[in-house]
Structures are given as C-alpha cells and as structure tokens.
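Novice: These protein sequence lines map, in sequence, to chains A and B.
Under numbering that gives the first Met the number 0, the first residue of the first sequence carries the number 0, and numbering increases by one thereafter.
Under numbering that gives the first Met the number 0, the first residue of the second sequence carries the number 0, and numbering increases by one thereafter.
Quick caveat, the hints were computed from the structure, so don't treat them as lab data.
All C-beta atoms, glycine included, are put in the ideal place defined by N, C-alpha and C.
Hints are not guaranteed to be accurate.
Listed next, the stretches of chain B that the computed footprint assigns to chain A, with coverage defined by at least 3 CB atoms under 8 Å from CB atoms of chain A [unchecked claim]:
#	region
1	116-124
2	129-143
3	549-561
4	625-637
Covered, in the sense of this in silico footprint (three residues per stretch, anywhere, with C-beta under 8 Å from a C-beta of chain B), are these stretches of chain A [unchecked claim]:
#	region
5	58-64
6	89-95
7	112-120
8	124-133
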Amino acid sequence: MRYHRLPTMVAVTALTLTARPSIGQDLSDVDEIVQRANLATYYAGDDGRAGVRMTITDAQGRERIRQFAILRRDVADGGDQDYALLFSRPADVRNTVFLVTKHVGADDDRWLYLPSLDLVRRIAAGDRRTSFVGSHFVYEDVSGRGVEEDTHELVETTDAFYVVQNTPIDAGSVEFSSWTVWIDKDTFLPIKVEYVDEGGEVYRRIEALQVAEFGGHPTVTTMQVSDLRSGGTTVSEVRDVEYDLGIPESVFTERTLRSPPRQWFSVR
Amino acid sequence: MKLLQKLADWSIRHPRTVMLAVTGLVVALGSQIPRIAIDTDPENMLPADQPARVLHNEAKETFRLYDLIVVGIVNEGDPDGVFNPASLARIHELTRAIEQIDGVRRQDLLSLSTVDNISQGGPGVVQFEWLMRTPPQTREEAGAIRAAARRLPLIDGTLLSEDGKAVAVFVPIDAKSESHRIATTIDEIIAGLGGDEEYHITGIPVAEDTFGVEMFKQMGIAAPAAGLIVFLLMWVFFRSVALIVAPMIVALVTVTATMGLLIGLGFTVHIMSSMIPIFLMPIAVVDSVHILSEFADQYPHIGDRQKTIRAVMDDLLTPMYYTSLTSAAGFASLAFAPIPPVRVFGVFVAIGIGLAFLFTITFIPAYVARLSDERLATLKREQRGPHEETLLARALTALGPRTLSASKAVLIVTAVVIAVSAYGISRIEINDNPVRWFRPGHPIRIADRVLNDHFSGTYSAFLVLEYETPPGEPEAFDTVIANVLDEAAGRGAVDLTDQWSALRQSVASTPAGATLDALIDAVWGKLDEADDEEAAIWEAVLLVLEDAQTEAKLFLTPEALAFIERLQAQLGTVDVVGKSSSVADIVKTVHRELREGDPRYYSIPATASGVAQTLLSYESSHRPQDLWHFLTPDYRAATIWVQLRSGDNQDMRRVTDHVERHLAANPAPEGVSLNWAGLTYLNVVWQHDMVNGMLRALLGSFVIVFVMMLVLFRSAWFALLAMLPLSVTIGFIYGLIGLVGKDYDMPIAVLSALTLGLSVDFAIHFLQRARAIHKEEGEWRRTVQGLFAEPARAITRNAIVIAVGFLPLLASPLVPYNTVGFFLAAIMAVSCMVTLLLLPSVMTLITKRLFTWGI
Numbered sequence: 000m001r002y003h004r005l006p007t008m009v010a011v012t013a014l015t016l017t018a019r020p021s022i023g024q025d026l027s028d029v030d031e032i033v034q035r036a037n038l039a040t041y042y043a044g045d046d047g048r049a050g051v052r053m054t055i056t057d058a059q060g061r062e063r064i065r066q067f068a069i070l071r072r073d074v075a076d077g078g079d080q081d082y083a084l085l086f087s088r089p090a091d092v093r094n095t096v097f098l099v100t101k102h103v104g105a106d107d108d109r110w111l112y113l114p115s116l117d118l119v120r121r122i123a124a125g126d127r128r129t130s131f132v133g134s135h136f137v138y139e140d141v142s143g144r145g146v147e148e149d150t151h152e153l154v155e156t157t158d159a160f161y162v163v164q165n166t167p168i169d170a171g172s173v174e175f176s177s178w179t180v181w182i183d184k185d186t187f188l189p190i191k192v193e194y195v196d197e198g199g200e201v202y203r204r205i206e207a208l209q210v211a212e213f214g215g216h217p218t219v220t221t222m223q224v225s226d227l228r229s230g231g232t233t234v235s236e237v238r239d240v241e242y243d244l245g246i247p248e249s250v251f252t253e254r255t256l257r258s259p260p261r262q263w264f265s266v267r
Numbered sequence: 000m001k002l003l004q005k006l007a008d009w010s011i012r013h014p015r016t017v018m019l020a021v022t023g024l025v026v027a028l029g030s031q032i033p034r035i036a037i038d039t040d041p042e043n044m045l046p047a048d049q050p051a052r053v054l055h056n057e058a059k060e061t062f063r064l065y066d067l068i069v070v071g072i073v074n075e076g077d078p079d080g081v082f083n084p085a086s087l088a089r090i091h092e093l094t095r096a097i098e099q100i101d102g103v104r105r106q107d108l109l110s111l112s113t114v115d116n117i118s119q120g121g122p123g124v125v126q127f128e129w130l131m132r133t134p135p136q137t138r139e140e141a142g143a144i145r146a147a148a149r150r151l152p153l154i155d156g157t158l159l160s161e162d163g164k165a166v167a168v169f170v171p172i173d174a175k176s177e178s179h180r181i182a183t184t185i186d187e188i189i190a191g192l193g194g195d196e197e198y199h200i201t202g203i204p205v206a207e208d209t210f211g212v213e214m215f216k217q218m219g220i221a222a223p224a225a226g227l228i229v230f231l232l233m234w235v236f237f238r239s240v241a242l243i244v245a246p247m248i249v250a251l252v253t254v255t256a257t258m259g260l261l262i263g264l265g266f267t268v269h270i271m272s273s274m275i276p277i278f279l280m281p282i283a284v285v286d287s288v289h290i291l292s293e294f295a296d297q298y299p300h301i302g303d304r305q306k307t308i309r310a311v312m313d314d315l316l317t318p319m320y321y322t323s324l325t326s327a328a329g330f331a332s333l334a335f336a337p338i339p340p341v342r343v344f345g346v347f348v349a350i351g352i353g354l355a356f357l358f359t360i361t362f363i364p365a366y367v368a369r370l371s372d373e374r375l376a377t378l379k380r381e382q383r384g385p386h387e388e389t390l391l392a393r394a395l396t397a398l399g400p401r402t403l404s405a406s407k408a409v410l411i412v413t414a415v416v417i418a419v420s421a422y423g424i425s426r427i428e429i430n431d432n433p434v435r436w437f438r439p440g441h442p443i444r445i446a447d448r449v450l451n452d453h454f455s456g457t458y459s460a461f462l463v464l465e466y467e468t469p470p471g472e473p474e475a476f477d478t479v480i481a482n483v484l485d486e487a488a489g490r491g492a493v494d495l496t497d498q499w500s501a502l503r504q505s506v507a508s509t510p511a512g513a514t515l516d517a518l519i520d521a522v523w524g525k526l527d528e529a530d531d532e533e534a535a536i537w538e539a540v541l542l543v544l545e546d547a548q549t550e551a552k553l554f555l556t557p558e559a560l561a562f563i564e565r566l567q568a569q570l571g572t573v574d575v576v577g578k579s580s581s582v583a584d585i586v587k588t589v590h591r592e593l594r595e596g597d598p599r600y601y602s603i604p605a606t607a608s609g610v611a612q613t614l615l616s617y618e619s620s621h622r623p624q625d626l627w628h629f630l631t632p633d634y635r636a637a638t639i640w641v642q643l644r645s646g647d648n649q650d651m652r653r654v655t656d657h658v659e660r661h662l663a664a665n666p667a668p669e670g671v672s673l674n675w676a677g678l679t680y681l682n683v684v685w686q687h688d689m690v691n692g693m694l695r696a697l698l699g700s701f702v703i704v705f706v707m708m709l710v711l712f713r714s715a716w717f718a719l720l721a722m723l724p725l726s727v728t729i730g731f732i733y734g735l736i737g738l739v740g741k742d743y744d745m746p747i748a749v750l751s752a753l754t755l756g757l758s759v760d761f762a763i764h765f766l767q768r769a770r771a772i773h774k775e776e777g778e779w780r781r782t783v784q785g786l787f788a789e790p791a792r793a794i795t796r797n798a799i800v801i802a803v804g805f806l807p808l809l810a811s812p813l814v815p816y817n818t819v820g821f822f823l824a825a826i827m828a829v830s831c832m833v834t835l836l837l838l839p840s841v842m843t844l845i846t847k848r849l850f851t852w853g854i
C-alpha cells in the first residue's frame, strides 16, 4: 500500500471557494437544489474509492489520526448505497473493517469487524447521530442525511451559494433544531453547514476547505468539522480519489469483513 | 514609651486635630472598601505554585475535569422509585433546562437523558442508543431504562441508586465561582417542576461558593450584632452613652481602616480575611474598656476629666502597649504559615491591632477631653448609687483574700485541669470538610447526607497515572530498523541508512512522548517521494515504528489496565469509597457487549490492539468524548475517578494511605507515576499545611511573647507568670476540643493565635498593676486587695463584654462563625479566671522570689 499525502496530490483543478458569478440561471425550487446537492455530495459516479485521513484535534490541541480506505457503490442514484471502510492507521486498529448498506427511508445495516478480537458484529444505533469512530463527524455526515428527513427552505441566494435552512420533521430524533447549508451554485457541493441548537446558537460547523475535480466530479478533498462547544475539530483529507472503477457488489458483502480484497482497497 | 506618653498628652490637648486626623484616615481608607474583590475558593488556601495544586490543575486540564454540582432527585413514595413515567419526565425536563444554563458544560453533563446505552440488539448485534432520549410512556419502559442503566458500571451507583429511589444529575461547570448562581437557577427550575419528588443540590463547589455568599451576609449581620451587644453591655457597666460611644468608634474605625487598607492594597477578601472584623472588634474594644473602667472608677474621686484621663493613661499605657504588641505578635506569626490567605489574615489583624492601639491612645483621651462635665456627671451619680457594678466589685473584693488562703487548692485544681486537657489534646482529631461548614440543618448538609446515602458518593478525587519512558534507554525500534536497513542493503537493494540517520537526528529535540509520531510522519513524507524499491523499505521501517508506537500507548496494554483494575479493587475495600471508574471499566463493559453481553467477558481483551478496537467501538457512540476524562489521546496517562461518600479530610487520607500501602506491595508498571487530584484531595493538602503552619506559628509566637515579657518585666519570674494564663487557656481550649470530639479544622487552627493574643492581655495588666501596687504598699496582702479593686474589675468587665458580645455568632448558619463565637467566650472566661485565681495563688507561694528579685 502506498499513500500520497494530500498537498502533493491536489494538482487537479482546485476550485476556490471565493464567490464567482454563476453561469446558468439561478434555481428557485428548493427541493431540486437539495436533491442535486445530495447527488453531488454522495452519489458522484456509480462507484468510487478514496483514501481518507482524519486528524482529530481536541480543545487542548492534542491530535489523533484515523486513516482508512473507503469504497462506495451506488445501488441507485439518490437511493441505496454500499460503503466499505478498511482502517490502516493507527496500527492498533489496522484491518478493522466497517461495512454499511445505506437504505433510504429505513435504518441502515452496519457491520464491524474487529480483527484482534476476531469478531464480526452488526451495529444497531437508535439514530445516525453517533460519532464516526471518535471523530467530530457523525455517522450521518459520512453517509448522508436523507433529504426526506427535513423540510427545506431556500433562505437566500447569493452570488455563489444557495443558502438552505433545514428543519427536522422528527425533532426528537436529532440533537439540533435546524441546520443551514451553503450550497455552491456550480458544483452543488455543500461548502458550509451550520447546526443550530434549541437556544438558537450555532454549536457545530462543517466547512469544505478544498475542492478538486476527479473524473469530472467535483469533490471535497479537505473538510473540517468544528465542535464549537468543546473547541475540538476534525479535519478530513481525501486523496487518491477515483470514480467509476466497476467495484463488484461482492466486495460489499460480509466476506469482505474478514478478508478485505486488497486490489480494491489499495489506494494507489 | 516616652514618645507614646507624649502622643497621649498631646491628644488630650489637641482633641480637634486628633478627631480630624482619625476621620481623614478612615475616610481615605474606607473609600477603598467598595473596590472589594471576593474570593471564596478554598483552593487559594494553597499558593498558586504549590505542587499538589499545580498537579490538580494539570489533571483538570489534561482530563477535562470540571467542578461538579450534583443534583439528586428522590422519590420514596412510588413503588418503582423515580423509575415511573412521571418522575422520569420531570428529570428529563430538568436536564434539558439545566443544559441551557449559562456556565454549564452541557456536552459533559451526566444525566439519564444525556448518556448512551450499549446493549444487545439481538444475536450478534451491538446497539448504541441514548439511554433516555425521550421520557418513557409506561412503567415497563421506565423499568427497562433502569435495568439498562444498572448494566452500565460507569452509570450504576453514580446516576441512579441501587434501589431505584433516586437518580442524580452531574452538572459540570466552567467556574467554581459560578456555582451558587447556577445552583440557585437550578432551584428555580425545580420549583416550576411540581411533583412529589424531593430535590437536593450539593457538591463541594456549591458548598464553597454558597459559603462565600453566606459569609458576606454574616459579615453584615454578625459583626454589627456583636457590636450592638458589646455596646449594651458597656452601657450596663458604665451607664454613660457618651462615654461608651468612644470604644465603639475605635472598633468601627479600626475595622474600617484595616479592611480599607487590605482592599486598597489589592488583596482579595477570602474566607479568612472576612473574619478580620470579627477578630478585630474584641481586640479594639479591650483597651478602651480598660481605660473607661479606670476612668469611671477614678473620675468620681479626682473630679477633673483631663487630670483623670491623664492619670489613667499613665497607669495603662505600658500594659496596653505590651498587650497590643503581644497580640499583634501572635497574629503576625501567622505570616510564616504556608497558606496565603492565612498570611494575609495574620498580617492584617496585626496591623489592625496596631491601629487600634494608636486610636486608643489618641482618640480616646481626645474624646474624653472633649466631653462636657454635665455629660460625665451621670458617671459620678451612677458610681455612688447601688447597682450591679458594686455587686461585681463586692464579689471581686471578697475573692481577693481567698486566693491567698486557697492557693494550694487552686493549684491542685489547675493541675487536674491541665492533666485532663492534656488527655483531651491527645484525642484531637484533625479534620475538615467544606460541607460541614454549614449547620446540620442547612439544605446543603441535608443534600449531602441524602445523596451520599443513595449514591456512590458526591465527593470526587482522581488518581492520575502517568507514563514516562525511562530516560536514556536505547529505543528498541532503533536496533530493529538498523537490521531492516542492513538486510535490505545486504541483498543488493538501496541503502537507506544515511537517510534514516538524518531523520532520526531531525527529531532529536522532540519531546520523548512525541518522538515516534514525529518519526512516523517523517517516514510518511519519505514514502511520498520514494520510488517503488525505496518505498518497500520505508514501508518495512514504518511497520516497526508503528509497532513501537502501539507499545508506547501504555494504557492500551492489558497489563496496565489490569494494574488499574487491581488498584480499583483495592480502592473498593475502603469503606468510604462508594465507587471508582476508569478506562478499564469502559473497556470491560464494551468488551462484554461485543461478546453478546456474556458476563464472563466482562474482562480486558488479551492484546493492546484488542483494547484499541474495543475503544474504537465505544467511540462510535453519542459521547465518545467521555473516554478522554479517563485517558489522554496518546494513551500515556490515565485517571481513576474515585467517588467518596464523605469529604472529610480524614476519610480522604485513609484512601490515599491505603493506596500507598497497596503500591508498596504491588508496584506500578515501570515508568508509571501516581498522583492524586480533585478538590477532596486538595483540601487534605492545604489542611495538612495549615495545621503544621499554625503549630509552628503558635510555638514561634509563644517564644516571642515570652521574650517580650522578659523585656517588659525584666524578671524571669514575672515573665513566666505572664505565660501561665495563656498556656493554661490554650491547653484548656484545645483539651476541650479533643474531649467534646470537635474536629480541629480551619477556624479552630486560626483561633489559637487569638487565644494567645487575648489571654496574655489580662496577665500583663494584672502583673503590671501587681507590681505597681506592691511598690506602693510593700506588702502582698494589701497588694492583693488593691489588685481586686480596679484592675480586677477592668479585667472582668472586659471578659464579660467580649464573651457575651460575641454570642450572636452562635446563631449564624455557618459553623466556623459558631466556633469563633463559642471559643471567644471560652477564651475570655478561662483566661479571666486563670488570671484572677491562678496568678495570685502562685504569686502567694513565691512572693519572696517575686518581689526581691528583679525590680
């Protein structure tokens, strides 16, 4: 396995986040905006692969690393998906595998393989707001929040962004009272997301710090989530992004857990 | 002394100037008082750089430990306790409301509504979900929550009681100084909840901050109340408002000037310094009462107020000077105590005594000189008529000769008292607990009792384990990597030895704990640039480094966790420990749930990576951050949270002693150091320092006072006699503390200085006058008669005024104030009795030596 660090890799068209005049006509249908954003963010290509390195920094500035290869395969655009993650760093969690079958409108199936305990377990969670492997990301940030779970309101259209406010339909299932997303008008990638608590205060923020294009798909390559209450942040850097590899369905089955097929997981 | 005499004389002649000067000084210093900055934090009992305090604060920072307010909700009436839908709904509502309070660390708040449950979701399914996302609708659901919570060792006993009658909410707060405000807000929320549940709020920060708030209320109530009673008593003795206003002014002026000076110089008013007014008031009044007592006795005979006051000042200046000096020395000795607030307290009381003396010898004569004869006429009249005053006078006059005949009996009684006191002192228990600074009926005391009855303990201490790689040891991975590189070069591949050496050199200055991380990062950098052949070698190097990194994460190793586990088992054997929690508990709980909830797997996985993967699973919950209260992200430090049912220093001490003994027989893994942190522990440290400091200060001032007595009397016998009342009084007071089982705590320790200062006063007055009278009379029996006239009356009046005057302190809800009130009375009574009974008895036996030597 060979990894290349991000800075040397982002040779591809890096899209700056500064406001640029939009090319086409502004959209006004919030549902269309939200749908396109969902597709751009989570459904680029029919499948994809990337190496991810998460740097988790706590309020005291202490860092931890989580590094893994991630594979994705869409069952249908905007519909169900499969994910497979193979951890490589730190060494003590190497070869831990996380497998997810995402079901739109229903609970996902999640499996975990812990090599040192030689254990395969299905993980059931009451919601998708649990931490993603101890980072400041929640599980939902990685696999996507169902567009049908919120009501959406286009609160502003700026030169560069559609600003959409989302209010959960089942307020009891989440810890926020609303979230606002700044969607890039060209790429439809969310560039900033802010979560507001019941007191009206922003307590959590996700920012796309770097975007690059791979195989015609604009992709967020550096993303930062800030927990404004604790002061901790997690930066997720993506490298070796490839789309439309033709990853077979069999890679996303339980067999992968104990013996992950190296040819698919080896990030260049 | 001549100078002081001149000053007093000058004051009698220039009363207006004196009044103006005093007023000016008081206004100038008093104007500083509004700048008051209050500090109620007992942590400040330790200097900021005190090692234990530094460690405590480092641990707080490292493990993000916040001071905790504990809210307990108890339902005794319902058969299911609090685990019924209505009670849980209220607890849920309370939790959500507390989260909103400013100053509450909501992400660390612990309540049934905010913690995660890990459980079995079917065969092979591990379930992470909120324990109580929404309140249950049925009793069955409520029961299920209870059953789930009882399976979580971190929560069981902490957030819910074993019997299900009570649950707790642990509220972490940003600053201790906010606890009273937050606790008050929580009270208001509770008031709006309704229901039959009982609510209790406690925790050391609440006790401390609430104490601070109450303390300042007491300053406003107790000190003026004492002032009023002192005033009334003086009126009973002197019957002249005009006359007794003077000591009150001296007291007020002294207190105002001293506190103004303290605040003006930028010192915060701490629990200790808030007591300065209460200590200064009796001391400031004492000298004035001596003067007034003499004045009232002599004025009717002399008839001229200026002549009278001059005569009185001649008599009293020397003893007053020495009593002030000795009292000041007693308090100034506290400047050598290792506790900053005690130092400030001692120094400023000493300054206050100096000011009081200055005001007494200038203001009192000036004031009396300005009084009109008409106003003093009452004094003359009253003196002639029969009233209590003569009752006291008659009693004292009768007492005098008896001390001559009963001198042996008095000595025997004294010997018995000393023996009993010695026994009492041997039984003194050194102990303190901020919660016990409140009376037993105070809501904080009740909450403390109820919650520690139901739960594993509301007092926290933390045992911090830190791992340092032993310095100077060659790193094992260096050898392995050298082999890897040699082997590669040997089989004809590229030789990377030089590059590796350069890398190794580049991280030489990195701190020990971060060397591996830096090396790993550097090798990653090499990998980026390397061709395929080199990359393969760097990969091999990386593997070695990562293995070493895994090993360096000591608190992921089963051995280190097993050590923690054993330590916790030992902690559990100390009765006062309700519970202890650590990363080992988290690992064991998650491991059990990963293994189908089988209790046999409530154990630590066999390998470090097994532990790491167990923790990875835990971190996929709603509250991964909880892990970092027990562990640092580099896994090189860990802490054990010890919950105690009592915050008594002695109980905490028993826990630390037990751990020490255990460690002696079962040493920690190599490189691991153990230290205690937490407020409960910190209280032990400062108290230990204080007791030692006070003892040294007491012994030191004992010596200083003796030297002063030698200078004053120029006679070893008189000096020894002068030490007698204070020695017997201190012995008696501390013997009493030991006998009645009152703990030797902060206020008691401070009282020793007061005892010394006040009880030597009477002896000085008595002996000084004894000498003067004997000089005139030349005969002991007549000397005693003289002594039991004015001098004895002045001493007795003083004792009564102060003893009774400070009884209002007994009504305070704060125990330290009660203690001061009670002991002031006891000090006065005992030292007055010892002076009037023991001194003449002893003097009778050694008359010859006393009056032939020396003079």
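Novice: Does each hint hold? Answer for all of them.
Specialist: Going through the hints against the structure:
1. Counting residues of the region 116-124 of chain B whose beta carbon lies closer than 8 Å to any beta carbon of chain A gives 4, which meets the minimum of three for the stated coverage.
2. Coverage of the region 129-143 of chain B by chain A holds [criterion: at least 3 residues with CB-CB distance below 8 Å; count 3].
3. For the region 549-561 of chain B, the proposed coverage by chain A is satisfied: 3 residues have a C-beta within less than 8 Å of a C-beta in that chain, meeting the threshold of three.
4. Here's how the region 625-637 of chain B fares: 5 of its residues keep a CB closer than 8 Å to some CB of chain A, so the rule of at least three is met and the hint holds.
5. Three residues within the 8 Å Cβ limit are the bar, and the region 58-64 of chain A against chain B gives 5, so the coverage statement holds.
6. Here the region 89-95 of chain A counts 6 residues with a CB under 8 Å from a CB of chain B, which clears the bar of 3, and the coverage holds.
7. With 7 residues having a beta carbon nearer than 8 Å to a beta carbon of chain B, the region 112-120 of chain A meets the requirement of three or more and the stated coverage holds.
8. For the region 124-133 of chain A, the stated coverage by chain B is satisfied: 9 residues place a CB nearer than 8 Å to a CB of that chain, which reaches the threshold of 3.
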